[in-house]
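A.B. asks: Here the protein sequences line up with chains Y and R, keeping their order. Note that our numbering has the first sequence beginning at 1, numbered continuously upward. Note that our numbering has the second sequence beginning at 562, numbered continuously upward.
Hints are computed from structural coordinates only; laboratory data are not their basis. Don't be surprised by glycine CBs; every beta carbon is placed ideally from N, CA and C. It cannot be assumed that every hint is accurate.
What the hints assert, rightly or not - Far from chain Y, by Cβ distances over 12 Å, these chain R residues were calculated: (1) S689; (2) N761; (3) R1041; (4) D1061; (5) E1068; (6) D1086; (7) E1095.
Unchecked claim - Covered, in the sense of this in silico footprint (three residues per stretch, anywhere, with C-beta under 8 Å from a C-beta of chain Y), are these stretches of chain R: (8) 589-600; (9) 714-722; (10) 737-746; (11) 944-952.
Protein chains: 2
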Amino acid sequence: MSSLAVSEDKESKYKKIGGRALTSKIIHDEVPATCHPLGSKNKLVFATGLLTGSGASSADRYSIGAKSPLTGGIKESNAGGISGLALGKLGVRALVFENIRDDFKIVHLSTSGVKFDDAEPILGKDLSEAATWLREKYGKHVAVWLIGVAGEQKMNLSAIAGQDKDGHPTRYNGRGGLGAVAGSKGIKAIVLDTSGVGKNRPEDRDEFKAALKEYHNWLMEAPATSKVFPELGTASLVESTNSLGALPTRNFSIGTMEDYKNISGETLRKTLLERGGASTPTHACMPGCIIRCSNVFGDEEGNYVTGPMEYENIGLLGSNLDISDLDEIAELNRLCNEYGIDTIETGGALGVLMAQNVISFGDAEGAIAALKEIKEGKPLGRIIGSGAELVGKIYGEPHVPTAKGQTMPAYDPRAIKGLGVTYATSPQGADHTAGQTIRAQLDHHSPEGQVEASRGAQTANTIWDNLGMCMFSAGAVQGRFDRIGDLVTAYIGEKVTGEDIINSAKETLKIEHAFNKKAGFTKADDKLADYFYEEENKASNTVFDVSQEELETVGVDRDDL
Amino acid sequence: MSSLAVSEDKESKYKKIGGRALTSKIIHDEVPATCHPLGSKNKLVFATGLLTGSGASSADRYSIGAKSPLTGGIKESNAGGISGLALGKLGVRALVFENIRDDFKIVHLSTSGVKFDDAEPILGKDLSEAATWLREKYGKHVAVWLIGVAGEQKMNLSAIAGQDKDGHPTRYNGRGGLGAVAGSKGIKAIVLDTSGVGKNRPEDRDEFKAALKEYHNWLMEAPATSKVFPELGTASLVESTNSLGALPTRNFSIGTMEDYKNISGETLRKTLLERGGASTPTHACMPGCIIRCSNVFGDEEGNYVTGPMEYENIGLLGSNLDISDLDEIAELNRLCNEYGIDTIETGGALGVLMAQNVISFGDAEGAIAALKEIKEGKPLGRIIGSGAELVGKIYGEPHVPTAKGQTMPAYDPRAIKGLGVTYATSPQGADHTAGQTIRAQLDHHSPEGQVEASRGAQTANTIWDNLGMCMFSAGAVQGRFDRIGDLVTAYIGEKVTGEDIINSAKETLKIEHAFNKKAGFTKADDKLADYFYEEENKASNTVFDVSQEELETVGVDRDDL
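Make a model of the complete structure from these sequences and hints.
C.D. replies: Okay, here's the thing in structure tokens:
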């Protein structure tokens, strides 16, 4: 029987931490590091960021944490949308699920407390259908989290989906197989009913208002947040990574794609504008977000197909599979959303299958057919569902773009070496949101300075995860943490300085590494697959050549652990 | 391009070591511990034991070593039959294969040297057919090693098969997926042609003869080697493990099987004697072996079906799958032999699939059909081929009877706790031949004394592996190492004392742990799956309760490493 703990104790050790700091602290303190991730001793923690629900733009994100069945280490996965916001509105800072159960329940949270309903009617359904059913049953105003058929089957690539502001269950806590952990605990869905809950009020309204205004101004002034992302979304990266030789193509064998223009942010925008109807090239996943990097992809008749079509989805489900047709990529993206699976891990798994010629590169039809086998848990579906690392082991394929068992996002580590450092050394496994260096001012092809860049980015990304703030605020906020501290202080009524914010992020990384160390990780895990060191990416003419000694100063065996 | 190194340098650092000591030394010294096991940096080493080919009974065994794709650690797998003997006759102490290649070759060794022939005609064939083809092409006098369809496909449970004295390719280096390493190096078969090679002569014939006589007398006096094994084979263990509650049943969920009498050594012997024809309840895998624990299983018409039907095969492919019909078990055994796969790992993988209801417990037909999917590499075949640990990960099943990624042989570690210690702490992963404690004089249900028993057994088993001696000699030879030292000294012409033999085994274990440590193993790997600690084996009324602190004094993090 899974149980629910609602922590509201402001005097507790958790009072000044939120988001990832909170999930990782609970996992570190309460989960035995060597336990089976799908067994009774693992815990699944949902936590709001420090600013979630405050009204600050792009800061309604939340964290889900657990021991990951994909990496075997600690995991935090972070998303936007409205579900975390609803949790915050309910005054819940962390939901902690313990133990396991065999049947599936819908967990209903409201001001009346918690109840568990039978999930039978939505088992085996596509996520869009299940979400519609939930909103019909519980009211259109509720927010939900839910897992799909993959999570029910405890597949490694299964995710937890939240809702965007239009009700689509397409905001993903994608990484690390957390949907499988939810599945093991019998959690099919969580319904958050905020009826009768008033607006969150900052503890110090005047100070909050002042700091908020400043913060919003920064967002509106920064080029990325005010112009590039609202126009082109994250797909704007296709052009830049392709020119760096970092666009993963054909199972990360090379970093450019001949037809990259077909899948670029510009083409995507043009297509969506032409199509109209449900399509829109800019869309806010969280109410009031200034950045609006998201989009909605519709077909030629104007019908809704899927959303969002992000850079990572296009890179992993597109170029990585040698698929350059946006409609084909959208169909793969749609299936991922319907089954509740991580697009990155799915693209990684399909890429390895293509390297083994189980499906041909470029064969979108084959990829779509294979993906559909996930729904009924057929053997090929199970294989894909286990993630790229295991697909490699199942087929004896050494070219597997993973680190700590998790598929790399859409940046070849030979061409953006700072991300290679992040992949190799982050406690989270390969994950761009754990230490994104693409905007660092250095030569991405050179090994010089990458360790410093990744180290800084890993701290910065943890800061956003703790605050509940979108990483796209980085350009606007970086270096202005004292004022963000003021914003937090005014909101929660506890003094939080800029230094506190930075130190909390560093402490979070430290306990994550400590957990992983207890779980059995060593410096041998702080590396990339052999082929990134040995086989040149012909687009960038580089191999990954940041030295192991340098990597080990960042990873699990670093001196301060 | 794989290459062949023939080491005959008697002055080398390898001069007083053989078998596992030699393979592990070469792997430890020459293979980067973190390399991909199927990549170019792994090596595959075949080495004869110190006494292989000397004429000593039960001592023609040999070792194959590599970094294992199944465990990720160092691996040595040991077998009898005639192939190691032939390598010894050719004067080769170790064959070392480096690098990888995409096509398959037959490696032909004779007094004329080495040649590489095209393996195309035997690719995709059953092992019996391939072995017949090889003996037709190269002569009936040759000995062979070969891999099957599983090794060609680089599956984790693929083995390397040698020949028994009747030419059947049924002597298995089964554990650790070494067939996949051979496959990655393009080695389909190795043909050993000893034409023109004289009998091996000991350096000191008189002393050798005297020591040999004594050794053979010990074998003929000891009850296990002189009576139990020749009569009932290893299947004699069914009765004793069942009475201990240690016979793995229904995916290691309980340690007794209702119908255990149907699969006991007594029933097997009676069946084979009644059937006659090809059947025989006792059979020597190596020429001149006094123990003759092997057997040949024929059908009711007297036709050859498979061999040998050993205890591990009966336990893993029988009781573990709730199959109690010897003919059904024999058919599963036959398929394993034809595809070149490890019976233990196969039974483990099928057991986990049955726990997940992909196949029903007891459904031999379903298991046979599933196994056949290995041949063409269909998805379910690939899943089984990846081994039990990965099947568990693919299906999200926490009840997986593995340690360090390798399936446990047929002894529930809750009921024979010394073997539990071996499973948890051996550098080889779960393996009874890495530290067999079943004959230790203690209460197998108690945690007391198990660490000492396992530690002693791990050293003893390494001694047999180094000498090329069958572990079934243990009862006869244990404690008489000085005289075995005389036997070795007289054979190789280098002074080897009993103490040297023991120290070499300890040194071997040490470098194996050291390799594993570099490969990333920690004390977190020196444990069994959670459920062995948490869920009682109702047959023995025990859980595994040897303390982690004690385990860590034996495993990879022990003090002397």
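A.B. asks: Next step is simple, just say for each hint if it's right about the structure.
C.D. replies: Now the hints, each set against the structure:
no., hint, result
1, S689, "holds (24 Å)"
2, N761, "holds (38 Å)"
3, R1041, "holds (40 Å)"
4, D1061, "holds (33 Å)"
5, E1068, "holds (23 Å)"
6, D1086, "violated (6 Å)"
7, E1095, "violated (8 Å)"
8, 589-600, "holds (count 6)"
9, 714-722, "holds (count 4)"
10, 737-746, "holds (count 3)"
11, 944-952, "holds (count 4)"
Violation of the numbered hints given earlier is confined to hints 6 and 7; the remaining hints are satisfied by the structure.
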